[in-house]
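Colleague: Given chain A, put chain B in place with the hints provided.
What follows is the residue order along each chain.
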Amino acid sequence: MKKFNIVVLAKQVPDTRNVGKDAMKADGTVNRGALPAIFNPEDLHALEQALRIKDKYPDAIVTIMTMGPARAAEIIREGLYRGADRGYLLTDRKFAGSDTLATSYVLALGIKQLFPVDIVIAGRQAIDGDTAQVGPQVADKLNLPQVTYAEEVLSMEKGKIIVKRRLERGVETVEAPMPVVLTVHSSAPACRSRNARLLMKYKHAKSVSELQEMSEDYIQLQKDRPYLLIEEWGASNISADTENLGLSGSPTKVRKIENVVFKAKESKVLSSDDEDINGLIKELIENHTIG
Amino acid sequence: MNNVFVYCEIEEGKVADVSLELLTKGRSLANQLKCRLEAVVAGSKLDGVEKQINPYGADVIHIAEDKSLYPYKTLPHAKIVKEVFQKEKPCIGLFGATSVGRDLAPRIASVLKCGLTADCTALEIGDHTDNKTGKEYKNLLYQIRPAFGGNILATIINPETRPQLATVREGVMKKEEVTGNHNAELKKVDAAGLLSEEDFIVEIIERHIEPRKVNIANSNIIVAGGYGVGSKENFALLFQLADVLGGEVAGSRAAVDSGFVEHARQVGQTGVTVRPKLYIACGISGQIQHRAGMDQSAMIISINDDPGAPINQIADYSVIGDLNEIIPKMIKYYKKNSK
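Quick mapping for you: the protein sequence lines, in order, are chains A and B. Just so we're aligned, residue 1 is where the first sequence starts under our numbering, counting upward by one. Just so we're aligned, residue 1 is where the second sequence starts under our numbering, counting upward by one.
No lab work stands behind these hints: they were computed from the structure. Errors might be hidden in some of the hints.
To be verified - Here are the simulated BS3-like pairs of lysine-lysine, each with C-alpha atoms no more than 30 angstroms apart in a straight line:
id, chain 1, residue 1, chain 2, residue 2
1, A, K268, B, K332
2, A, K112, B, K113
3, B, K138, A, K282
4, A, K282, B, K175
5, B, K188, A, K160
6, B, K335, A, K268
7, A, K256, B, K277
8, A, K268, B, K329
9, B, K135, B, K174
10, A, K160, A, K54
11, B, K188, A, K282
12, B, K175, A, K256
13, A, K256, B, K138
14, A, K256, B, K34
15, B, K135, B, K51
16, A, K282, B, K332
17, B, K82, A, K112
18, A, K268, B, K277
19, B, K132, A, K256
20, B, K174, A, K282
21, B, K336, A, K282
22, A, K268, B, K174
23, B, K135, A, K94
24, B, K135, A, K256
25, B, K213, A, K164
26, B, K329, A, K282
Keep in mind the model is a prediction, meaning the values are calculated, not measured.
Just chain A, same shape as in the assembly (with noise of 0.2 angstroms):
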């Protein structure tokens, strides 16, 4: 049986439902240490789509991958506890600040050190930037083809793929030969619940950071059943130039953030006067309501 070797992208990302007022830096990126942070919700129906392809070809590897901070490793655990083999947090300072291209430089040479990788599959897009760049830009660094707006894998034979796309209006069936980059829609299945033989098996899963501030004991734990080791990789680990890194590497920037969240909301009541609507229009222009 083939043994496919599948990467998942996942991104640990700041709760958009709960933002609070610390949550932009002066330089206008964001304070992600100021939210609560959960697994991005479509990356997760992502792993559903790779454990189901490892529920029919029960030899594959579901690796997971995600760029972060040291508490990024959060999400991979709760990768394994759903199913998913192993995990490699993507991490260094030289990161910071990455824009999707930079993201996408950084991914794609960490999965380059799995390869050969059959399928690399990522939610389509994040909740806190919704993008949706980062897969079709790791499909390019890779010169593999993309499958976008995923919402099934019908097939895996001979090479070649089968997915059922999902389009604004209407839908899609594509095969592409692997190695091949799919991106997952939210119409496709939610992902399991976590498993609880997995949860106890690994629950006591530490990336090389997080053992830092453990006990001794902990440490030996480690040692004792390997498995436990959550890898990280800096810049150096995967070969990375770091001129694409990071600020340097992201050739948007941010010029300008302004809160909407905020503003209170009281009501102004206004009369049929012209004045009034020219008024109530201007502000609409003003604050990009209207185009």
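Modeller: Relative to the frame of chain A, chain B by itself:
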């Protein structure tokens, strides 16, 4: 060189509305930058496609025609656009934020190593001074977009790299024909010469595209009417306002039950739930069942002759008066104030 480019999406022989909207925006950006507006079209049977594009003022249309180029596939279209962009060196490249544009643009940004901003809600030209280096940049594209689940509005720039790429959703920009006759120069792209077997390794086995339906859930701007609008004829005013603002018309259950609008447009507990950027409630009292379908809207304007209507409690602006008088004024002042 250094012109504004718009990738024109083709669906069933027609240039997509979002592309025409981008041409309109591109025309005004090009005017501001004193450069040309160029369109890129890739597809099959493109005879006469320029007739659809000319009214929107493109100066040049790059046409890549080959039977393999329709329907859209990532790799061949990415190669065509990449080749055109590498040769022509645009300053700006615009794509629809559709399942095509959002599949294609990131690949182009990756291969050209340039910046891309998704789902922009406004595009403007402006200058920038880098705080750290003090370096000044003239005439950058300000790419304005909501981020963080709509909690912030960010202005993104690409100071150093070109082209500056952006995607924009359908209905965000307005589509407007230019005055006078416009005949673009047509430039053929040698599609057959550029493409090779490796660009066609992904095959489309089956494809079902549904006809365009009313979809109020995806609209950024909704002009909704209730029983207070009075008649089907009066709803025409709401359609006019929605049209100039680039939005959709919706109705309350009472308006649908009275036959003023069709059921597909019903907002509320028994209809569609919407959360647009702007919800204009005209002659809607605001029963709880209706509010359940729209109270997550980013901004709510109520137009009602009853100051005590419950809708006013959740509205950001309550305009008190006759909607037949107020809506035409809104259209008039929108036309006057928008660029």
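Colleague: Each hint should be assessed against the structure and marked as holding or not.
Modeller: Hints versus structure:
Restraint check: the Cα-Cα separation between K268/A and K332/B comes to about 21 angstroms, which is no more than 30 angstroms; the hinted pair holds. Proximity of K112/A to K113/B is assessed by CA-CA distance (about 19 angstroms); at most 30 angstroms being required, the pair is judged to hold. With a C-alpha separation of about 27 angstroms, the suggested pair K138/B and K282/A falls inside the 30 angstroms cut-off, and the hint holds. This hinted pair checks out: K282/A and K175/B have alpha carbons roughly 20 angstroms apart, not beyond 30 angstroms.
For the proposed pair K188/B and K160/A, the alpha carbon gap of about 35 angstroms is over 30 angstroms, so the pair is violated. Among the hinted pairs, K335/B with K268/A is consistent with the structure: their alpha-carbon atoms are about 23 angstroms apart, no more than 30 angstroms. At most 30 angstroms may separate the alpha-carbon atoms for a hinted pair to count; K256/A and K277/B meet this at roughly 20 angstroms. With a CA separation close to 18 angstroms, the supplied pair K268/A and K329/B stays within the 30 angstroms bound.
Simply put, K135/B and K174/B have alpha-carbon atoms about 34 angstroms apart, too far for the 30 angstroms limit, and the pair is violated. For the proposed pair K160/A and K54/A, the alpha carbon gap of about 16 angstroms is at most 30 angstroms, so the pair holds. For the given pair, K188/B sits about 44 angstroms from K282/A by alpha-carbon distance, which is inconsistent with the 30 angstroms threshold. For the proposed pair K175/B and K256/A, the alpha carbon gap of about 28 angstroms is at most 30 angstroms, so the pair holds.
For the given pair, K256/A sits about 16 angstroms from K138/B by alpha-carbon distance, which is consistent with the 30 angstroms threshold. For a cut-off of 30 angstroms, the pair hint linking K256/A to K34/B stands: about 26 angstroms separates their Cα positions. Taking the CA atoms of K135/B and K51/B, the gap is near 44 angstroms; set against the 30 angstroms cutoff, the hint is violated. Of the pairs offered as hints, the one joining K282/A and K332/B holds, with about 12 angstroms between alpha carbons and a cut-off of 30 angstroms not exceeded.
Of the pairs offered as hints, the one joining K82/B and K112/A holds, with about 24 angstroms between alpha carbons and a cut-off of 30 angstroms not exceeded. For the proposed pair K268/A and K277/B, the alpha carbon gap of about 18 angstroms is at most 30 angstroms, so the pair holds. About 15 angstroms separates the Cα atoms of K132/B and K256/A, which keeps this hinted pair within 30 angstroms; it holds. For a cut-off of 30 angstroms, the pair hint linking K174/B to K282/A stands: about 17 angstroms separates their Cα positions.
Between the alpha carbons of K336/B and K282/A the distance comes to roughly 10 angstroms, so the proposed pair stays at or under 30 angstroms and holds. Of the pairs offered as hints, the one joining K268/A and K174/B holds, with about 28 angstroms between alpha carbons and a cut-off of 30 angstroms not exceeded. Under the criterion of a C-alpha separation no larger than 30 angstroms, the hint pairing K135/B with K94/A is consistent with the structure, at around 23 angstroms. At most 30 angstroms may separate the alpha-carbon atoms for a hinted pair to count; K135/B and K256/A meet this at roughly 17 angstroms.
In summary, the hint linking K213/B to K164/A is supported, as the alpha carbons are separated by about 22 angstroms, within the 30 angstroms threshold. For the proposed pair K329/B and K282/A, the alpha carbon gap of about 13 angstroms is at most 30 angstroms, so the pair holds.
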